[in-house]
Amino acid sequence: MRGRSLSALVVVLALYALVPVALGGNLYLMSMVVAALTIGGIALAWALLGNLGGLVSFGHAAFFGVGSYASAILVMKAGWPIAAGLLAGGVFAAVSAILMLPALRLRGPYFALAVLAYAHIFRIIATEWKSLTGGAGGIANIPRFPVVLGYDFSGKTGAYWIVLTIVVLFVLVYDRVRNSDYGLALRAMHDSEEATRVVGVNSTLLKAAMLFLSAFMTGVLGAFNAHYINFLEPDYAFSGLWTMLPIVAAIFGGYRTITGPVLGALVVYLVDQLVFKELMPIGHQIILGALLGAMILFAPAGMLPALLRRRGWRHA
Amino acid sequence: MLDLAGVSVQFGGLRALDDVSLRVAAGEIVGLVGPNGAGKTTLFNVVSGTVAARQGTLAFDGADLAPLPTHARARRGVGRTFQIPQPMHTLTVTENLLVAQRFGAGRIDRAALAEILDLVGLSGKAGIDAATGLSLTELKALEVAKALATGPRLLLLDEVLAGLEAHGKRMFTQLLGAIHARYRLAILIIEHDIETISTLCPRVAVLDFGRLIADGPPGEVFRHPDVVASYTGRGRVDA
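Keeping their order, the protein sequence lines are chains A and B.
For the first sequence, the numbering used here begins at 3 and goes up steadily by one.
For the second sequence, the numbering used here begins at 13 and goes up steadily by one.
Hints are not guaranteed to be accurate.
[As the list claims (entries may be wrong)] Covered stretches of chain A, going by a simulated chain B footprint (3 or more residues, C-beta under 8 angstroms):
{"no.": "1", "region": "177–189"}
{"no.": "2", "region": "198–210"}
[Stated by the list, open to error] Pair by pair, the computed Cβ-Cβ distance ranges are:
{"no.": "3", "chain 1": "B", "residue 1": "96", "chain 2": "A", "residue 2": "137", "range": "55 to 65 angstroms"}
{"no.": "4", "chain 1": "A", "residue 1": "109", "chain 2": "B", "residue 2": "180", "range": "33 to 43 angstroms"}
{"no.": "5", "chain 1": "A", "residue 1": "311", "chain 2": "B", "residue 2": "123", "range": "32 to 42 angstroms"}
{"no.": "6", "chain 1": "A", "residue 1": "194", "chain 2": "B", "residue 2": "211", "range": "27 to 37 angstroms"}
What the hints contain is simulated information worked out from the structure, not anything from laboratory work.
Just so you know, these numbers come straight off a predicted model, no measurement behind them.
C-beta atoms are modelled at their ideal positions from N, C-alpha and C, and glycine is treated no differently.
Next up, chain A with everything else stripped away, as it sits in the complex:
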């Protein structure tokens, strides 16, 4: 266990140092990696809800969009520092999830569809509440990340370090939750929710907690993205791609694992952008759709886990 933590630390430090050195000169590739990590973080949050909460969400775009708008508006109109904006993005996304609580009574596809409809509400609010959100025209010139300790974080490398830090923190939080008593109770709930309730577990509260945590994480990433891209419009911030890509990534990497969704995002997004998009400039996402269908049929526990198992490896 100790050896594993140590090697994980080495890998993370190498990621911090080596990726910018290797790719730093290539702004296009750097932006691909930043986007892949952003999607990887959402995929991790989505998988946390699925793996621990037992809930499949088609609505994470809502949390992403709410987080991005919340931070952009608070920083621009209320003068908040960006760091506070990132946290507020998470908090607002979690608060928006409160409206979803009635849907927790639903199971499986019914929950997923209710959440899909719910996600749409926020896109409409962002479009119609023009005085606050700028309507369909969106918000431009969102402040970039500032200079901290002499380093300018507004560039690609700065953004890379920020998003990597966010994702690493999320991995640690997820691991902590999974290995806690609550993680055990959540695992127990998958087998029989009734049997878990009669031994004293408040299963509804635990599922709600996972929903809030997942929404918070996604909201933080939305806020990060707003300050990284510097521009928001409803069709972009609430785009279904913020739901679809993380789902493909999480299932590809193994949604029952912690690092799998992040690795899955790196593989899926980079291959999609660098290979599929070259082959098929318009409609290349159809390949991802086909991949998702194939994985659900042939490797529902994930493509990476299936490949690794074939070689006798496992990943956390």
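On the provided structure of chain A, position chain B as indicated by the hints.
Using the frame of chain A, we list chain B on its own:
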């Protein structure tokens, strides 16, 4: 300790429990018998909170249970088992008990867990996944152990002996006696086997078509004409 007064439960057109009043004192063992469909499991569901009563009151240690959700009743001291064992499959035997103890009793006490495992005869299976490697008897023992781990003061046992062969039944009857002696808790047990009930329970309550038709020592209850009629079907035609 447990005090049901005038409890009725309706499922559509079916009156599953009809004006049932039943008291169980602290430390008492009461057998609950009756033909299939008489409402025995429904009564357990009402007490543990998975089914709401339409009428009547439900008190536990003087406090009203009705507004409390299932998990809160478990924390108050209502433990139950299911007729078909519902282990948490992906967890080991010990983890099953840890969840029950952590959330039901509120804190983890490894020594108490070890004692429960030892008592129900699962010490040798502690690290085994509940989904694999447990016999029916062991699954039933795990079911009881989980309920015990929540630190109950009332234990509702739903046909824990059903499906066991004669030897298993005798062992389990002894085990329940030992649990009662060790933890001094009240037990309400659903069981079809009259011999087992007579051995274990100084008092028996009989349900038939949702109504409580007899309540008393087994020797009297099993000779009660209504009870005989409900078991043999005699007297039904003109009832």
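Against the structure, the hints come out as follows:
Coverage of the region 177–189 of chain A by chain B holds in this model, with 4 residues showing a Cβ closer than 8 angstroms to a Cβ of that chain against a need of three. Chain B is given as covering the region 198–210 of chain A, and this holds because 8 residues of the stretch bring a CB closer than 8 angstroms to a CB of that chain, at least three being needed. At roughly 57 angstroms, the beta carbons of residue 96(B) and residue 137(A) sit within the given window of 55 to 65 angstroms. In this structure, residue 109(A) and residue 180(B) meet the distance hint of 33 to 43 angstroms, their C-beta atoms being roughly 36 angstroms apart.
At roughly 39 angstroms, the beta-carbon separation of residue 311(A) and residue 123(B) lies within the given 32 to 42 angstroms, and the hint holds. In this structure, residue 194(A) and residue 211(B) meet the distance hint of 27 to 37 angstroms, their C-beta atoms being roughly 31 angstroms apart.
In the structure shown, no violation is registered for any of the earlier numbered hints.
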